[in-house]
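*Asks:* Sequence:
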Amino acid sequence: MVTIQLPDGSKQSHDSGATALAVAEGISPRLASAAIAADVDGKLTDITTPLSDGEHTVRIITSRDPEALEVLRHTAAHVMAQAVLRLYGNDTQYSIGPALMDDFQYGFYYDFDLPEGKSISADDLPKIEEEMAKIIDAKIPLQRVEMSPDDAKAEMKKIGQSYKIEMIDDMLKETPDAKLSFYRQGDFIDMCRGPHLPDTGKLGNAFKLMSVAGAYWRGDENNKMLTRIYGVAFFDKKDLAAHVERIEEAKKRDHRVLGRQLGLFLLDEKVGPGLPLWLPNGSIIRMELEGWLRGELLKRGYQPVHTPHIGKLDLWRTSGHYPYYEHGLFPTMNLAEGEGEDGYLLKPMNCPFHIQIYKSSQKSYRDLPVRLSEFGQVYRFEQSGELSGLTRVRGFTQDDAHIFCTPEQLEAEIESCVDLTKLCLATLGLDDYRVRIGLRDPDSAKYTGKSENWDLAENNIRRVVKKLDMNYTEEPGEAAFYGPKIDFVVKDCIGREWQLGTIQVDYNLPERFDLEYTAADNASHRPVMIHRAPLGSPERFIGILIEHFAGAFPLWLAPVQAAVLPVSDKFLNYAQGVVRALRNAGLRVDLDDSPDKIGAKIRRATVQKIPYMAVVGGREVESNTVAVRHRTAGDAGAMSVESFVEGLLAEKISRGSEPLHVAS
RNA sequence: GCCGACGUAGCUCAGUGGUAGAGCACAGCUUUCGUAAAGCUGGGGUCGUGGGUCCGAAUCCCACCGUCGGCUCCA
Numbered sequence: 000m001v002t003i004q005l006p007d008g009s010k011q012s013h014d015s016g017a018t019a020l021a022v023a024e025g026i027s028p029r030l031a032s033a034a035i036a037a038d039v040d041g042k043l044t045d046i047t048t049p050l051s052d053g054e055h056t057v058r059i060i061t062s063r064d065p066e067a068l069e070v071l072r073h074t075a076a077h078v079m080a081q082a083v084l085r086l087y088g089n090d091t092q093y094s095i096g097p098a099l100m101d102d103f104q105y106g107f108y109y110d111f112d113l114p115e116g117k118s119i120s121a122d123d124l125p126k127i128e129e130e131m132a133k134i135i136d137a138k139i140p141l142q143r144v145e146m147s148p149d150d151a152k153a154e155m156k157k158i159g160q161s162y163k164i165e166m167i168d169d170m171l172k173e174t175p176d177a178k179l180s181f182y183r184q185g186d187f188i189d190m191c192r193g194p195h196l197p198d199t200g201k202l203g204n205a206f207k208l209m210s211v212a213g214a215y216w217r218g219d220e221n222n223k224m225l226t227r228i229y230g231v232a233f234f235d236k237k238d239l240a241a242h243v244e245r246i247e248e249a250k251k252r253d254h255r256v257l258g259r260q261l262g263l264f265l266l267d268e269k270v271g272p273g274l275p276l277w278l279p280n281g282s283i284i285r286m287e288l289e290g291w292l293r294g295e296l297l298k299r300g301y302q303p304v305h306t307p308h309i310g311k312l313d314l315w316r317t318s319g320h321y322p323y324y325e326h327g328l329f330p331t332m333n334l335a336e337g338e339g340e341d342g343y344l345l346k347p348m349n350c351p352f353h354i355q356i357y358k359s360s361q362k363s364y365r366d367l368p369v370r371l372s373e374f375g376q377v378y379r380f381e382q383s384g385e386l387s388g389l390t391r392v393r394g395f396t397q398d399d400a401h402i403f404c405t406p407e408q409l410e411a412e413i414e415s416c417v418d419l420t421k422l423c424l425a426t427l428g429l430d431d432y433r434v435r436i437g438l439r440d441p442d443s444a445k446y447t448g449k450s451e452n453w454d455l456a457e458n459n460i461r462r463v464v465k466k467l468d469m470n471y472t473e474e475p476g477e478a479a480f481y482g483p484k485i486d487f488v489v490k491d492c493i494g495r496e497w498q499l500g501t502i503q504v505d506y507n508l509p510e511r512f513d514l515e516y517t518a519a520d521n522a523s524h525r526p527v528m529i530h531r532a533p534l535g536s537p538e539r540f541i542g543i544l545i546e547h548f549a550g551a552f553p554l555w556l557a558p559v560q561a562a563v564l565p566v567s568d569k570f571l572n573y574a575q576g577v578v579r580a581l582r583n584a585g586l587r588v589d590l591d592d593s594p595d596k597i598g599a600k601i602r603r604a605t606v607q608k609i610p611y612m613a614v615v616g617g618r619e620v621e622s623n624t625v626a627v628r629h630r631t632a633g634d635a636g637a638m639s640v641e642s643f644v645e646g647l648l649a650e651k652i653s654r655g656s657e658p659l660h661v662a663s
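Going left to right, the first sequence walks through residues 0 to 663 as numbering that gives the first Met the number 0 numbers them.
Where hints are given, some of them may not hold.
[Claimed, not checked] Listed below are the simulated PhoX-like cross-link pairs for lysine-lysine, each with C-alpha atoms no more than 25 Å apart in a straight line:
| no. | residue 1 | residue 2 |
| --- | --- | --- |
| 1 | K138 | K250 |
| 2 | K10 | K126 |
| 3 | K178 | K117 |
| 4 | K207 | K117 |
[As the list claims (entries may be wrong)] Computed beta-carbon distance windows for the label pairs:
| no. | residue 1 | residue 2 | range |
| --- | --- | --- | --- |
| 5 | E145 | K223 | 55 to 61 Å |
| 6 | S523 | K223 | 41 to 47 Å |
| 7 | R433 | K569 | 41 to 47 Å |
| 8 | E325 | H629 | 30 to 36 Å |
| 9 | G476 | G41 | 49 to 55 Å |
| 10 | S359 | R293 | 20 to 26 Å |
| 11 | E247 | S147 | 17 to 23 Å |
| 12 | D341 | G88 | 52 to 58 Å |
Read the hints as simulated data drawn from the structure, not as lab findings. Each residue gets a CB set at the ideal place from its N, CA and C atoms; glycine is no exception.
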């Protein structure tokens, strides 16, 4: 006897062995045909799983429930795997194929190890989609089968699926008495927790295979590279179309596309991969952003320093970067014999130089904290496959600073760094970010220094983020090699995560470099260091910013803030006067003196995302005004040149992106 | 670095073995124009680089360089 309670509170009794599907059928045939899965006592279950005797709460999951999409996508992965096996042969190995619910582009994937000599390219995807459609049309039921580990291994051995056997062995290490569940759909069987759609027909036709990629087995580069196929699936064809549309729209915001269109930066094959050239328009954005930040640093007691691009290799041995991170460095410069025995290194980071500046004079506790700041350019030999626009480059700037303080001052300093980082994000309206606490991985040997130091630093960070009541995740293995850190992570236009601001607590380099200060007790003590970069790097930050604003920068950052557009060149003289007035007020202005018609001039300025246009013709000359137009808000009417200047200056100072409000 | 794809004019792209094309952009001329593209004319390409096959290669093959999507990495 099975007693169930439905979400509306009503109760039903069923015979032993009844399924959630039977419950749905009892309510209405429509619900039964719409049923995707069931929530039984809070656990997602197949609708065909018999309910055990006793009392249960049951909720029928249909496509309207948020849990349903994950079930659909998971089944889509199985159907794709079945299709791939049909097309590429049963000696194709399949490893893992999860549903992706948080990815911007993809909804599921499956990783395959294809038979010797076979490969899948993007051109093959339609063929696989067709095969999937056949499987869907056949409405093959998915049957859940539970097996003992031994039976499961025997079954997988029989069909030659060695990755599955490895996965079973792994699972047994954690839970030796586990019952393993499998799903069989026709001639295809896969180990899977479930639940799944009751049959492949329920998958429908709102799915699409998106791309093929390589992926290492278990994410380990020492393992074999498998072939991963990414796809997406929805219940409704309209949702799929909207998804594809959303991706296409997002790609128009891609900073690499806008960077070219708006003349912001250039990546030139002749210069070298990952070595961006900043064009005049992009340089203005950097100049404004860095200028603003420099002002904020001075307010906070930072002192500016400048250091060279190269230094003796030995510095990096002391810091510990070399030779551990040799693969990430540009090759050492070796000089003629006898000179600089050890060679020079293009700097991968600024800290050793700042440390030498700290050491250059005796420090008293009264001097601390010492905050040395520099927009320092560093060079890292990133793997070629990693390079991406401005977000991952080989030569970039850090809005770097190193704070040297007493252990007592440390947490207040960390807190102030968090404040500054948040101010940077808030000023630019970047409010969609997450905070990651990067801790050492206790199983890895890549970290330097004593365990006690790490404990101290990790606890300093925890206390600060708790005090500030921040949302964060702790991630072991994400620390810098010298200390744990607080990272601010944002997403780009297609959902890839990038670390921007970072605050790193370091007890180790002060030891390695033997840093000291004299305390009130007249004895030498060891300072603590903070490495911090609120933007992370202007390159990456601006790359993200381009996408955030879709190239339409707020007035204070806009490379050109206003375009003066004479209706014809009869009014060029007057237009030049307007340009002078704006430039005298410190605004960046372009004059469009082309022979084009006014519509073309407006179009050009709008496409270039120039915030304001000042149209001048006979009427404006008469009344000493300009006809103002905003790039998105459109025609804003006429106003005097003086009020136009005032309006722009006010908007510039506000650092906002609100269009100028025109007094009527 | 690894898997897969791509590379033709400044940009976006067409061209699958037989004399290299379009739109935009650029230059000249005409038009002097009122809120998202006036008209005509013209210049511009060692088809990423190097090698090979072929009577003949943008097109087929190999290597390299670069870019894109992933994976790995990210001090």
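*Asks:* Now tell me if each hint is right for this structure.
*Replies:* Evaluation of the provided hints:
For the given pair, K138 sits about 36 Å from K250 by alpha-carbon distance, which is inconsistent with the 25 Å threshold. Between K10 and K126, the direct Cα distance comes to roughly 49 Å. Violation of the 25 Å bound is thereby established for this hinted pair. Between K178 and K117 the CA atoms are separated by roughly 35 Å; this puts the pair beyond 25 Å, and the hint is violated. For the hint linking K207 to K117, the alpha-carbon distance of about 22 Å falls within 25 Å, and the restraint holds.
Between E145 and K223 the CB atoms are about 30 Å apart, so this pair departs from the stated range of 55 to 61 Å. Roughly 54 Å separates the CB atoms of S523 and K223, a value that falls outside the hinted 41 to 47 Å. Look at R433 against K569: about 56 Å separates their beta carbons, and that is not inside 41 to 47 Å. A hinted range of 30 to 36 Å is violated for the C-beta pair E325 and H629, which are about 53 Å apart.
The beta-carbon spacing between G476 and G41, approximately 32 Å, falls outside the hinted interval of 49 to 55 Å. At about 23 Å, the beta-carbon gap between S359 and R293 stays in the expected band of 20 to 26 Å. About 49 Å separates the C-beta atoms of E247 and S147, a value inconsistent with the hinted range of 17 to 23 Å. The supplied range of 52 to 58 Å is met by D341 and G88, whose beta-carbon atoms lie about 56 Å from each other.
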